[in-house]
Amino acid sequence: MRQPDGSSTFLTTRVETMLRWVRKNSLWPLPFGTACCAIEFMSVVSSHYDLARFGAEVVRFSPRQADLMIVAGTITDKMAPALKRIYDQMAEPKYVISMGACACTGGFYRAYHVVQGIDEFIPVDVYVPGCPPTPEALMHGVLKLQEMIQNGETHYDRLKNRNDDAAATAG
Amino acid sequence: MTASRTETTMLPQPQVDLLPKEGVVAVEHGVDGHTVLTVEREHLLDVLKSLKETPGLDCNLLADICGVDYPERDARFDVVYHLGSLEHGHRFRVKVPVTEDDATVPSAYGLWKAADWFEREAYDMFGIRFDGHPNLKRILTHEAFHGHALRKDYDPSQRWLLTEENLMTPKWSTGEQKNDDHLDTQVLNLGPSHPATHGTLRTVARLDGEYITEAECEIGYLHRCFEKMSETHGWEQVIPYTDRLNYCSSMINGVGYALTVENLLGVEVPPRAQVVRVILSEFSRIMDHAVCLGANLVDLGALTNFWYFFQIREEIYGLLESCAGGRLTVSYARIGGLAHDVPLDFEEHVRSLLARIPKFIDDVDKLVTTNKIFRDRTEDVGTISGEEALAWGWTGPCLRASGIPYDVRKAYPYSGYEQYDFDVPVASTGDTYARYLVRMEEMRQSLRIIEQAIDNLPPGPVITDDHHVALPPKEKVYTEMESLIWHFKLIFDGIKVPAGEAYGFTEGANGELGYYIVSDGTGHPYRIKVRPPCFAIYQAFPHMLEGSLVPDAIAILGSLNIIAGELDR
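Each protein sequence line maps, in turn, to chains X and S.
To convert, note that position 3 of the first sequence is -8 in my numbering; the numbers rise steadily by one, no gaps.
To convert, note that position 104 of the second sequence is 262 in my numbering; the numbers rise steadily by one, no gaps.
By construction, these hints were calculated from the structure, which means they are not laboratory data.
Worth double-checking, as some hints may not be accurate.
Claimed, not checked - Residues from chain S that keep clear of chain X, each with C-beta distances beyond 10 Å, as calculated: (1) M168; (2) G181; (3) L298; (4) D313; (5) E322; (6) N337; (7) P353; (8) E472; (9) K524; (10) D624.
Unchecked claim - For the chain S half of the interface with chain X, some residues (derived, Cβ under 10 Å), not all of them: (11) R360; (12) S408; (13) H626.
Note that CB positions come from ideal geometry on N, CA and C, so glycine has one too.
Throw the hints in and build the complete structure from the sequences for me.
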């Protein structure tokens, strides 16, 4: 970068680190909102709490355009195939936040029609507890995910490392 | 002025000589003020017909149909109908016992269209068949489900997995079909995950060009088994579950439930608790209407209003949080009163909200009410006549937008609503625009009620001193032997509600929110059936779509305020 006095400065980093830094600050969430938690999610993106401050306000309802799925609400057995299909449609890298007790564990619905935690069928990066979690809790979850992305600790990174290792051994 | 409904609820009573005789095994007077008829199955349709059509009875509202399972009886199931007359005010409960081997009753769909989904639900949950029903299949559970979940011998945690191959597709939607000009029609699937369906509603529609020719709705994507869960919990433990029915206005649900159980118990609620319940319920109504209108306007492309309305919600959340500790799911009502008293600055807080909220409503009013784009999108869209709306079992703001001024707070006052001076807004056109106008005005009327209530907030306790129902104060538990014993008994045994049944109904944000509760005298509810207002409203939706445009479908859906938690339970 050219400075006013004619000298130039530069910064060295690894491509991977740079990419992670970029990714973590421009998360595009897909709200898979089904129940009460979805109302609290609306609070988080509304003016009072304003998730835009953390670069994650561009809510997309198309899985093709999103890289963060926020599962907000109870997932029932009837809904599970739809959730799975939408998760599969998201392009990599993709991350999942499970918002609220129901999405994490089924919550207090230990019942005949409720999935006892979405990690039964999709991988989850951050679990946000609460019934429903406060907006602050969800924001903490997003910040936590950003930290994990920067440190390469997400499910996507683990899977990628494993695949790279396997390729190296085979090669 | 009519008196408030109290423990021996006095509803208007029908003229006894008009009641149908043939096939009626017993006529009783319920603790909830209903006239209870036990009817032989063979004469069911005749009895229902005469209740509907006899002048002087005129039961034009079919509020609810449900099943109740008594495995030890010969006739294992009761099919229970709740009927009411808006004109005369009297209410009926009609019970039909049927055996397990021959669990079939004639369908009431020919008399009230409202029977459509209620009968499907009874079939899904109990396996009771309804002869002559046009489309009897599962409604809340999925295609791969086995058994009937609300039967007493069904294990509450027994799940059945659904795979993608088994996803529901209506029979009519498969295969090609041509229109009159021999052009192909197209099938459009909307939802369950679609921004305009708010997460959990699904509509399959056949399109001829831009017009919808046929549609079917699939629900149950948020069926979280409220009714089964409440059977496995104590009476007090049900309150957090009720919060999650209509989670946009959770306080109203808790109050409705508490009122019904109090009716069965015969417990008086202290005046202070009643007033606080009214204040918070009305604030909840404002919140509910705010999110309904805000979301409806977003779907029509008017995002700004959503922020204005959500600011109202945030401010009210602050009040609820200061009272109950929770923002959205408050669990603040208790059987016999409230969980604890309101904070010291409650009155001041309420008054500051009363001063601030009208501004947000006025802002939206200025932006939207006379806005040409909005009016073009909503006027004459999704029109339904009052008569038809009632036939579908509609209540609440949607019914009032079609010209029928039925409001439970006026017709059957509870919690002291008869003391407050407020109007019931009614519109005549019955279209999407009318529903918007009614909700806007209801928010203002709710503010009026709160204003009067906060001026007359009485001092005193907020929960009954009947220690069969409410825990004694903590300091007494530590210092008095008797209070310690009451505390111990209540914690270990739970509340014992006397055996019996009651249907309690209040004005929810969407309409008549009913709880039909059966108690067998133990510490658990035997059966709780919720009559969710938007269940009845949503069943008319596919029929309203026929002949309308796809974008109109979105406008109509938003204006009906379908809350999945309440719809699917």
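Is the claim that S:G181 lies outside the interface with chain X correct, judged by CB distances over 10 Å? Correct as stated: the minimum Cβ-Cβ distance to chain X is 36 Å, above 10 Å.
Would the hint on S:S408 stand, with a C-beta cut-off of 10 Å toward chain X? Since the shortest Cβ distance to chain X is 8 Å, the answer is holds.
Would S:D624 pass as off the interface with chain X, using Cβ distances and a cut of 10 Å? 28 Å, holds
Claimed clearance of chain X by S:P353, with the beta carbon kept past 10 Å: 4 Å, violated
Would the non-interface assignment of S:E322 survive a Cβ cutoff of 10 Å against chain X? About 4 Å separates S:E322 from the closest Cβ of chain X, which leaves it inside 10 Å; violated.
Beyond 10 Å from each Cβ of chain X, as asserted for S:D313: Check fails; 7 Å does not lie beyond 10 Å.
Given as non-interface: S:E472, partner chain X, CB spacing beyond 10 Å: 4 Å, violated
Checking a non-interface call: every C-beta of chain X should be farther than 10 Å from the C-beta of S:L298. Is that right? Nearest chain X Cβ is 8 Å from S:L298, so the label is violated.
Should the hint that S:H626 touches chain X count as held when the rule is a Cβ pair under 10 Å? 26 Å, violated
In terms of Cβ atoms, is chain X entirely out of 10 Å range of S:N337? 30 Å, holds
Measuring Cβ to Cβ, find out whether S:K524 lies farther than 10 Å from everything in chain X. 19 Å, holds
Assertion that S:M168 lies outside the chain X interface [Cβ separation over 10 Å]: 36 Å, holds
Hints 3, 4, 5, 7, 8, 13, counting from the list given before, are not met by this structure.
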